[in-house]
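Undergrad: Protein sequence lines correspond, in order, to chains A and B. Numbering of the first sequence is given in UniProt numbering, commencing with residue 1 and proceeding in unit increments. Numbering of the second sequence is given in UniProt numbering, commencing with residue 1 and proceeding in unit increments.
Since the hints were made in silico from the structure, they are not lab data. For each residue, glycine too, the CB sits at the ideal point set by N, CA and C. Watch out, some of these pointers could steer you wrong.
Derived CB-CB ranges, DEER-like [to be verified]:
{"no.": "1", "chain 1": "A", "residue 1": "L164", "chain 2": "B", "residue 2": "A28", "range": "36 to 44 Å"}
{"no.": "2", "chain 1": "A", "residue 1": "G12", "chain 2": "B", "residue 2": "R42", "range": "34 to 42 Å"}
{"no.": "3", "chain 1": "A", "residue 1": "A66", "chain 2": "B", "residue 2": "A28", "range": "18 to 26 Å"}
{"no.": "4", "chain 1": "A", "residue 1": "P160", "chain 2": "B", "residue 2": "A272", "range": "47 to 55 Å"}
{"no.": "5", "chain 1": "A", "residue 1": "D195", "chain 2": "B", "residue 2": "V268", "range": "50 to 58 Å"}
{"no.": "6", "chain 1": "A", "residue 1": "E109", "chain 2": "B", "residue 2": "A156", "range": "29 to 37 Å"}
{"no.": "7", "chain 1": "B", "residue 1": "V144", "chain 2": "A", "residue 2": "G102", "range": "25 to 33 Å"}
{"no.": "8", "chain 1": "A", "residue 1": "A52", "chain 2": "B", "residue 2": "G265", "range": "37 to 45 Å"}
{"no.": "9", "chain 1": "B", "residue 1": "R42", "chain 2": "A", "residue 2": "A66", "range": "30 to 38 Å"}
{"no.": "10", "chain 1": "A", "residue 1": "S283", "chain 2": "B", "residue 2": "R126", "range": "39 to 47 Å"}
{"no.": "11", "chain 1": "B", "residue 1": "R126", "chain 2": "A", "residue 2": "Y11", "range": "21 to 29 Å"}
{"no.": "12", "chain 1": "B", "residue 1": "G265", "chain 2": "A", "residue 2": "Y11", "range": "33 to 41 Å"}
What follows is the residue order along each chain.
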Amino acid sequence: MIEAHQLTKRYGEKTAVDGLDFTVRPGAVTGFLGPNGAGKSTTMRMIVGLDAPTSGSVRVNGRRYAEHAAPLQEVGALLEAKSIHPGRSAFNHLMAQAHTHGIPRRRVEEVIELTGLQSVARKRAGAFSLGMGQRLGIAAALLGDPATVMLDEPVNGLDPEGVLWIRNLLTSLAAEGRTVFVSSHLMSEVSLVADHLIIVGRGKLLADTTVQELVQQAGGDVVKVASADPARLRSLLAGPGVEITGRTGSEELLVAGRTAREIGLTAAEHGIAVFELTPRTVSLEEAFMDLTRDAVEYHGTTTTTETTRNAA
Amino acid sequence: MSTVAPSQTSSTPTELRTARPAYKVTAARVLRSEWAKLWSLRSTWITLGLALVFLVAFGLIAAFHFKSRITSGGPMDRDLADASTLSLSLFGTNFAQLALGVLGVLVAAGEYSTGMIRSTLAAVPRRLPVLWSKAAVYGLIALVLATVGVFVAFSADSGILSGTKAALTLSDTGVVRGLLGAGLYLGLVGVIGVALGALLRSVAGGIAVLVASLMLIPGLTSLLPTSWQSHITPYLPSHAGEAMFILHHDATTLSPTAGLLVFLGWTVLALAGAAVRLLRTDA
Chain A
1 MIEAHQLTKR YGEKTAVDGL DFTVRPGAVT GFLGPNGAGK STTMRMIVGL
51 DAPTSGSVRV NGRRYAEHAA PLQEVGALLE AKSIHPGRSA FNHLMAQAHT
101 HGIPRRRVEE VIELTGLQSV ARKRAGAFSL GMGQRLGIAA ALLGDPATVM
151 LDEPVNGLDP EGVLWIRNLL TSLAAEGRTV FVSSHLMSEV SLVADHLIIV
201 GRGKLLADTT VQELVQQAGG DVVKVASADP ARLRSLLAGP GVEITGRTGS
251 EELLVAGRTA REIGLTAAEH GIAVFELTPR TVSLEEAFMD LTRDAVEYHG
301 TTTTTETTRN AA
Chain B
1 MSTVAPSQTS STPTELRTAR PAYKVTAARV LRSEWAKLWS LRSTWITLGL
51 ALVFLVAFGL IAAFHFKSRI TSGGPMDRDL ADASTLSLSL FGTNFAQLAL
101 GVLGVLVAAG EYSTGMIRST LAAVPRRLPV LWSKAAVYGL IALVLATVGV
151 FVAFSADSGI LSGTKAALTL SDTGVVRGLL GAGLYLGLVG VIGVALGALL
201 RSVAGGIAVL VASLMLIPGL TSLLPTSWQS HITPYLPSHA GEAMFILHHD
251 ATTLSPTAGL LVFLGWTVLA LAGAAVRLLR TDA
């Protein structure tokens with residue numbers, strides 16, 4: 001459980017995190033989304049006490065992180081990939097972390113095996129590839145068997161097999177009742193594992209929602225229907241929870257809240273000729289970009305937003 | 001795929017908590033961790049080895065040089081004129097203090113330059129135990145190594161120099177005090193290195209300040225008016241430290257005890273600065 005209350009971090013003039021309020025609950029994977037520079041990493045650093053909030057507070061399992069007797073057992077965090085000394089072996093790095101909490105050597109060997117680092121555990125961590133370094137960071141995060149697991153951009157630098165491994169790991173951690181908090185700037189990646197979403201932009205909370213809610217907010221799944229008599233079809237389809245849009249003079253309607261099958265049957269029943277019936281799913285990526293468009297720090301000259309929209 | 005904690009069978013958060021072992025951060029465990037961290041880096045072994053070689057080898061070279069001047073009957077260098085076995089065997093401390101001080105800086109500042117500090121402070125978020133443990137572990141290692149080094153250098157030198165006017169043995173007044181003082185001085189230089197590294201969070205900056213305060217500033221005091229010199233010079237880290245291990249003290253030097261106290265004062269000052277920075281500044 002992570003509870004942020006009016007969490008704020010300022011660096012001089014620049015406000016990196018601006019009055020964030022959110023709760024991350026156990027037993028689920030919560031995605032922490034936002035464009036680059038939205039304040040995700042700063043928030044995560046404040047959760048484990050590396051940065052002190054300018055104002056507001058953040059609690060982990062009811063207390064400030066530093067107040068816990070065994071911090072690594074409360075939160076296991078993967079922050080920037082390289083939080084290691086390159087001259088130390090992976091095993092010695094994990095062992096040094098384990099010593100501070102009295103975590104037995106057996107557990108160190110366990111997380112090495114879990115992350116598939118057996119063959120390189122005795123090598124200097126500085127010689128690791130990006131993916132290996134990421135696995136070592138995850139091993140360190142899991143070392144204390146933590147109730148809350150927090151990973152900053154965990155799939156960075158991982159190959160497809162590694163990405164799949166992370167997805168399964170996150171899901172199984174949440175199934176064990178742990179709080180799982182994962183940041184990413186890629187909606188497509190997070191939507192595959194996350195139940196809950198916390199979306200930020202320029203340090204501000206943009207949405208605290210679920211994947212389904214976000215899709216609905218963005219217009220939900222709609223069906224495009226072109227027919228001979230759109231006005232009559234419109235009145236036939238109307239009902240509670242159904243939203244229909246269409247321009248006058250156009251034979252096209254956009255229907256939300258009815259399936260293509262229902263629309264087709266209704267039209268046939270009343271003898272209305274249908275020329276086109278297309279279910280359209282709003283991509284999460286689109287919904288996310290709609291939400292964060294104003295909060296993106298650095299726009300390219302041809303923005304990706306436009307490209308995706310035209311293509312869609 | 002194996003589960004994260006095989007012992008767990010429950011999926012509810014409450015039972016998750018009770019089923020887990022009770023870990024706890026203690027001062028002794030942080031010490032243990034810092035001990036393990038220190039010895040698991042190759043640079044530790046190399047630099048400590050270098051410091052030991054400096055102490056013993058330079059002590060021997062100084063003794064042989066002195067002996068050859070006597071036997072050849074040639075003119076004696078002025079700084080060798082009143083040399084003793086003690087001063088000759090401690091000839092290497094100047095070089096050893098660089099090695100030990102620099103390693104101290106690396107122990108602390110190296111964590112910042114590599115990013116290791118994030119792991120360290122995530123494990124010990126109260127932070128201060130990390131600084132105390134680093135200083136204690138490394139200070140003790142430097143102390144033991146330096147003490148062994150100077151005693152080895154002295155016993156070798158006393159064999160070389162027996163029968164000359166510089167001859168001294170361990171039973172002579174002030175010799176054991178001087179050797180222990182040199183060991184203690186070098187141990188504290190290690191602690192100061194750790195403190196400077198933690199204070200400045202930069203390997204280059206830490207080494208620069210260390211070298212400046214131990215080697216450059218003493219030279220600069222000769223630019224001061226003479227009346228000031230006598231009031232300031234004895235209290236500088238290098239001179240106060242030297243008072244701990246030189247044989248003869250006069251009006252321009254502190255007594256060994258006063259030297260120790262002043263040098264301890266500098267050490268405490270550096271550590272206090274490091275502690276404040278560690279607590280106040282984001283890692």
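Undergrad: Work down the list of hints and note, for each, if the structure agrees.
TA: Results of checking the hints against the structure:
The hinted window of 36 to 44 Å between A:L164 and B:A28 holds, with their beta carbons roughly 42 Å apart. Look at A:G12 against B:R42: about 40 Å separates their beta carbons, and that is inside 34 to 42 Å. Separation of A:A66 from B:A28 is about 19 Å and conforms to the stated range, judged on CB atoms against 18 to 26 Å. Between A:P160 and B:A272, the C-beta spacing of about 52 Å keeps the proposed range 47 to 55 Å intact.
Range check, A:D195 to B:V268: about 53 Å between beta-carbon atoms, so the 50 to 58 Å window is met. Remark: the range hint 29 to 37 Å for A:E109 to B:A156 is contradicted by a beta-carbon distance near 46 Å. At roughly 26 Å, the beta carbons of B:V144 and A:G102 sit within the given window of 25 to 33 Å. Distance hint check for A:A52 and B:G265: the Cβ-Cβ separation is about 30 Å, which falls outside the suggested range of 37 to 45 Å.
Taking 30 to 38 Å as the suggested C-beta distance range, the pair B:R42 and A:A66 conforms, at roughly 32 Å. In this structure, A:S283 and B:R126 meet the distance hint of 39 to 47 Å, their C-beta atoms being roughly 46 Å apart. In this structure the hint that B:R126 and A:Y11 lie 21 to 29 Å apart at CB holds, the actual value being about 24 Å. With their beta carbons about 36 Å apart, B:G265 and A:Y11 fall inside the hinted range of 33 to 41 Å.
Comparing the model with each earlier hint shows violations of hints 6, 8; every other hint is respected.
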